[in-house]
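The chain contents come next:
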Amino acid sequence: MAPQSERPAGLGWSDALVGSVLLAVFSIIIAWATRAHPYPTESGGISLAWWRLPIYALLSWLRMAAAYAIALLFALSYAYAAAYNPKARRILIPLLDILQSVPILSFLPVVLLAFIALFPGSRIGVNLAAIILIFTGQVWNMVFAVYQSFTTIPRDLRESALSLTLSPWQRFRMLELPYAMVPLVWNSMMSWAGGWFFLMAAEMFSLGSRQFQLQGLGSYLQTAANRGNWLAEGAGLATLMAVIVLMDQLIWRPLLAWADKFKMELVEGDRPRSAILILLRRSVLIEWFQAQIWTPLAERGDRLFSRTLPTMRGDPVINGAWSLLRILISAGAIIALVTSLQGALHLIMQVGWHQIGLVVLATLATLTRVLVALTISVLWTVPVGVFIGLNREWAAKLTPLTQIAASIPATALFPGLVALLIHLKGGLETASILLMVLGTQWYILFNVIAGASAIPEDLREVTRMIGLRGVKVWTTLILPAIYPSLITGLITAAGGAWNASIVAEYVSFQNHVYTTFGVGSLIAQTSQQSRFPVLLLATGTLSLTVVVINRTIWRPLYDKASQRYSLT
Amino acid sequence: MAQIPAPAQVKTKQAALVRMLGVSKMYVQPDNYDILILDDITLDIHPGEFIALLGPSGSGKSTVLRIVTGLSKPSFGTVLYRGRPVNGPNPHAAMVFQSFALYPWLTVQQNVELGLAAKGAAPAVRREKAVKLIDLIGLNGYEDAFPKELSGGMRQRVGFARALAVDPELLCMDEPFSALDFLTAENLRSELLDLWLESRIPTQAVLMVTHGIEEAVYMADRIIVLSKNPARLVADLANHLPYPRNRKSSEFIHMVDQVYKIVTGWDEDEDEAVQLTEDAPARGDRPRLRPIPYGHLSMLSGLLELVVDRGGTDDLYRLGAELFLEVDDLLPVTETAELFNLAEVSEGDLTVTALGRQFVEGDVNDRKAIIREQLREIPLFRLIDRVLRSKASHAMAKEFFNDILEEHFSVEEAERQLMTAINWGRFADLFHYDTDTELLYLADDQTGEMVPVALNDAQES
Numbered sequence: 001m002a003p004q005s006e007r008p009a010g011l012g013w014s015d016a017l018v019g020s021v022l023l024a025v026f027s028i029i030i031a032w033a034t035r036a037h038p039y040p041t042e043s044g045g046i047s048l049a050w051w052r053l054p055i056y057a058l059l060s061w062l063r064m065a066a067a068y069a070i071a072l073l074f075a076l077s078y079a080y081a082a083a084y085n086p087k088a089r090r091i092l093i094p095l096l097d098i099l100q101s102v103p104i105l106s107f108l109p110v111v112l113l114a115f116i117a118l119f120p121g122s123r124i125g126v127n128l129a130a131i132i133l134i135f136t137g138q139v140w141n142m143v144f145a146v147y148q149s150f151t152t153i154p155r156d157l158r159e160s161a162l163s164l165t166l167s168p169w170q171r172f173r174m175l176e177l178p179y180a181m182v183p184l185v186w187n188s189m190m191s192w193a194g195g196w197f198f199l200m201a202a203e204m205f206s207l208g209s210r211q212f213q214l215q216g217l218g219s220y221l222q223t224a225a226n227r228g229n230w231l232a233e234g235a236g237l238a239t240l241m242a243v244i245v246l247m248d249q250l251i252w253r254p255l256l257a258w259a260d261k262f263k264m265e266l267v268e269g270d271r272p273r274s275a276i277l278i279l280l281r282r283s284v285l286i287e288w289f290q291a292q293i294w295t296p297l298a299e300r301g302d303r304l305f306s307r308t309l310p311t312m313r314g315d316p317v318i319n320g321a322w323s324l325l326r327i328l329i330s331a332g333a334i335i336a337l338v339t340s341l342q343g344a345l346h347l348i349m350q351v352g353w354h355q356i357g358l359v360v361l362a363t364l365a366t367l368t369r370v371l372v373a374l375t376i377s378v379l380w381t382v383p384v385g386v387f388i389g390l391n392r393e394w395a396a397k398l399t400p401l402t403q404i405a406a407s408i409p410a411t412a413l414f415p416g417l418v419a420l421l422i423h424l425k426g427g428l429e430t431a432s433i434l435l436m437v438l439g440t441q442w443y444i445l446f447n448v449i450a451g452a453s454a455i456p457e458d459l460r461e462v463t464r465m466i467g468l469r470g471v472k473v474w475t476t477l478i479l480p481a482i483y484p485s486l487i488t489g490l491i492t493a494a495g496g497a498w499n500a501s502i503v504a505e506y507v508s509f510q511n512h513v514y515t516t517f518g519v520g521s522l523i524a525q526t527s528q529q530s531r532f533p534v535l536l537l538a539t540g541t542l543s544l545t546v547v548v549i550n551r552t553i554w555r556p557l558y559d560k561a562s563q564r565y566s567l568t
Numbered sequence: 001m002a003q004i005p006a007p008a009q010v011k012t013k014q015a016a017l018v019r020m021l022g023v024s025k026m027y028v029q030p031d032n033y034d035i036l037i038l039d040d041i042t043l044d045i046h047p048g049e050f051i052a053l054l055g056p057s058g059s060g061k062s063t064v065l066r067i068v069t070g071l072s073k074p075s076f077g078t079v080l081y082r083g084r085p086v087n088g089p090n091p092h093a094a095m096v097f098q099s100f101a102l103y104p105w106l107t108v109q110q111n112v113e114l115g116l117a118a119k120g121a122a123p124a125v126r127r128e129k130a131v132k133l134i135d136l137i138g139l140n141g142y143e144d145a146f147p148k149e150l151s152g153g154m155r156q157r158v159g160f161a162r163a164l165a166v167d168p169e170l171l172c173m174d175e176p177f178s179a180l181d182f183l184t185a186e187n188l189r190s191e192l193l194d195l196w197l198e199s200r201i202p203t204q205a206v207l208m209v210t211h212g213i214e215e216a217v218y219m220a221d222r223i224i225v226l227s228k229n230p231a232r233l234v235a236d237l238a239n240h241l242p243y244p245r246n247r248k249s250s251e252f253i254h255m256v257d258q259v260y261k262i263v264t265g266w267d268e269d270e271d272e273a274v275q276l277t278e279d280a281p282a283r284g285d286r287p288r289l290r291p292i293p294y295g296h297l298s299m300l301s302g303l304l305e306l307v308v309d310r311g312g313t314d315d316l317y318r319l320g321a322e323l324f325l326e327v328d329d330l331l332p333v334t335e336t337a338e339l340f341n342l343a344e345v346s347e348g349d350l351t352v353t354a355l356g357r358q359f360v361e362g363d364v365n366d367r368k369a370i371i372r373e374q375l376r377e378i379p380l381f382r383l384i385d386r387v388l389r390s391k392a393s394h395a396m397a398k399e400f401f402n403d404i405l406e407e408h409f410s411v412e413e414a415e416r417q418l419m420t421a422i423n424w425g426r427f428a429d430l431f432h433y434d435t436d437t438e439l440l441y442l443a444d445d446q447t448g449e450m451v452p453v454a455l456n457d458a459q460e461s
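Order-wise, the sequence lines are chains A and B. Under our numbering, the residue at position 109 of the first sequence is numbered 109, and the numbers go up by one with no gaps. Under our numbering, the residue at position 341 of the second sequence is numbered 341, and the numbers go up by one with no gaps.
Read the hints as simulated data drawn from the structure, not as lab findings. Note that the structure is a prediction, hence the values are computed from the model and not measured. By construction, the Cβ of each residue, glycine as well, lies at the ideal position given by its N, Cα and C atoms. Hints are not guaranteed to be accurate.
Stated by the list, open to error - If you anchor each label on the Cβ, the simulated ranges turn out as follows:
id : chain 1 : residue 1 : chain 2 : residue 2 : range
1  : A       : Q292      : B       : A179      : 39 to 49 Å
2  : A       : L118      : B       : E412      : 46 to 56 Å
3  : B       : L80       : A       : N319      : 26 to 36 Å
4  : A       : Q350      : B       : K73       : 50 to 60 Å
Can you build the whole structure from these sequences, using the hints too?
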């Protein structure tokens, strides 16, 4: 997603505050995780029989759906609070900014251990850990999109709602939610794509010889690769693709077509169509549901919330209770913060200079890998993307293909990739960079295509008329024109690459652990060996590195791109 | 002023629908320099009145409207509705917006029902009432259409129906016809006037913000003129022309001319006003920078050429009508002409000065030289010039000037002032501006002391 140009580059005090809160929360989770000693091994007992595939797909899908439901509720409430409560905004927005740039997967080992400790001996812990991880992977771009919509509602629409004296609930239902609907649907699609990436990783994570397996497509794929059963691997991938294509056809396309009515533009343009949606809209059953259940329910909800919400605010008793509660909560939060910061400090104190050096070196090694992956992606996607973007006929043929290719989460391909490359010299090194490329190239490709196809025809004609050729065309027209979209793609891609590094650097294959030096493998190793001080330091350093790079490099680049090279 | 009101005044006080008492509005800046938008507005709105609120753009007309409806709170003063203070959106007032402000995801019917739903009316009651209003406003058959399927005029009809659905006692309209084409607007004006004059709507008073003088004279029976920076009441005129009004009649034209003189003439009073506010304790600690009008220099040249062709003097109202320019578009240009001493405005007439003639007769470089000379007299440009000269690098960040301007204007206004200044400065070759680095700077040929105009001319020709 695009960084906010309204916020300045560089780090501020609020970032420091938010960072320390995160550090504190993280050390609480670590404290939990330490109790998990020794962990019972969780094994899903994956069977490679083909008839199990639909069940595994369903289980994986249910995990995704649960995480998405939580993410949706969270996104709406978080964005609402951030948009309409100035006090909350001061904390929520920097927090959001950091959370969305932190590589979520770096928390995977610790969160997994903490949840297993919470529910010892049952599979609930692993399931919850997976759901929470998917949730944290899905939610931030949704929060961001909804928040942006809420804050950009045109003044006239807002004032008309106020002058018609709509209640806060009615405003939410009639104005705020509909206004946010189009970005919300788009970002939900993105979140699901990202969710598959995390799900595959979360289902089949292993620490040393201990495997934390959940029944699902991700662990199926890993088991198949582990056993060298390529037929099953292929079947698993085909099932995953089928699920993704079905989702696209049955859910996203109808939803997008439906959301079209929430677009603000008052001109009738090309509307996305969906046969499924038309079918649904014409169905008698849906009509009955709308007339008999939905409308009365909405009516009742209006009445209930319109009456109770404003009166609650005015009631002095409830007001008093509220402020008391608020004081209690903030007091509790401060105490918890101080204690856990103390704990974090205590943990960090145990770290020696040698280990700090190790963490820094590991971060640099991973950074190098990320840069190599980005460079490879840019080198092939820019020419291809520009070619597709500038040629309409080719674009029509290639776009569906690239979309299907992009829909496969890179982590699903990873077990197969490892099985192929692991026995070669430097095999994991190659495999990890390849995984990063797989996970990141599409963001760049799609953005480049979008940028290239937006180059106005008259600019291209002028370039032809004044006789520019070859390299000159690229330096004067194409590169400047695609620059903003390229930067946008790179920012998203870099985030994906950091995430991929965690699963890419530490692999357990056929009961043998393969690692390559980097911060990802350091995190996995230290959490397995319960070296929590180093784990805390490594995770903190990784997050800080990513946030600092975002603020000092990407955001200024983006701001410059959107001002200087914008075509509009 | 403690004064015991006479019995007659007590009567009018009770009868007034809305009373604005000493209402001022400050725009609170992030850096604690507050900008005054409305200054001490006192105004009564009585039942039966159709009031047009006239003023140049940026004069805070819309702010008055928003304070009357309770959408915005005054910084000082009170608003009474039927004798009670207004806190929050007034349920007896309804608003019609220039941009229509329809909800694109709701049908015409749902849009009209919205206000009734807010009041908790039952679905059946809502539907019946909405259908009746959609009929009244001439949109029957379009109940299930979405706003994007309607033309601009039809959309504004929905806007009216939605406002009227709640049976408002006070109908507030924020430039309701500005976004419509000429014929549609004219049609809608007369239809609304019919509804109002024949009392087919329960509305007791109408308050319309407009920048169209003709529109105000055509529709309203009371015209209130505001000044800008900050907005004060300049004039309060009764308009007793009988309905239906004929735009071609001499009385009508006379009235329009009279209002035109007031609108273009408040400028002279403002100088005194600025003097006065400098003594005011709130801002006494710093002298006020006067805003420069944001006139396009190419429009300025065009206007002056036209007036010179016609003998050097022309009626502003006629000029505006011929050029299809509302006062709002015309005024910045004439203000710029006055600022540069190229023309003078008095009694609604624009007269080109000797310098103005020289400007018109000169070529592009002469014109640049004249503007350059004039710019040197304007405080903002003197400031820029002084700062740039005093720096060894002859360059200064745009932000620096922005910060200075934000002490005098709102954030948006400061940005606009600076962009206009940069435009003029670039045109007059007074200084350069680099968009990439956001630096204002002097090139080598600009760093010298003031170059006499004649010398410059000789070089050019």
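Verification of the hints:
no., hint, in the structure
1, A:Q292 with B:A179: 39 to 49 Å, "holds, 40 Å"
2, A:L118 with B:E412: 46 to 56 Å, "holds, 52 Å"
3, B:L80 with A:N319: 26 to 36 Å, "holds, 28 Å"
4, A:Q350 with B:K73: 50 to 60 Å, "holds, 56 Å"
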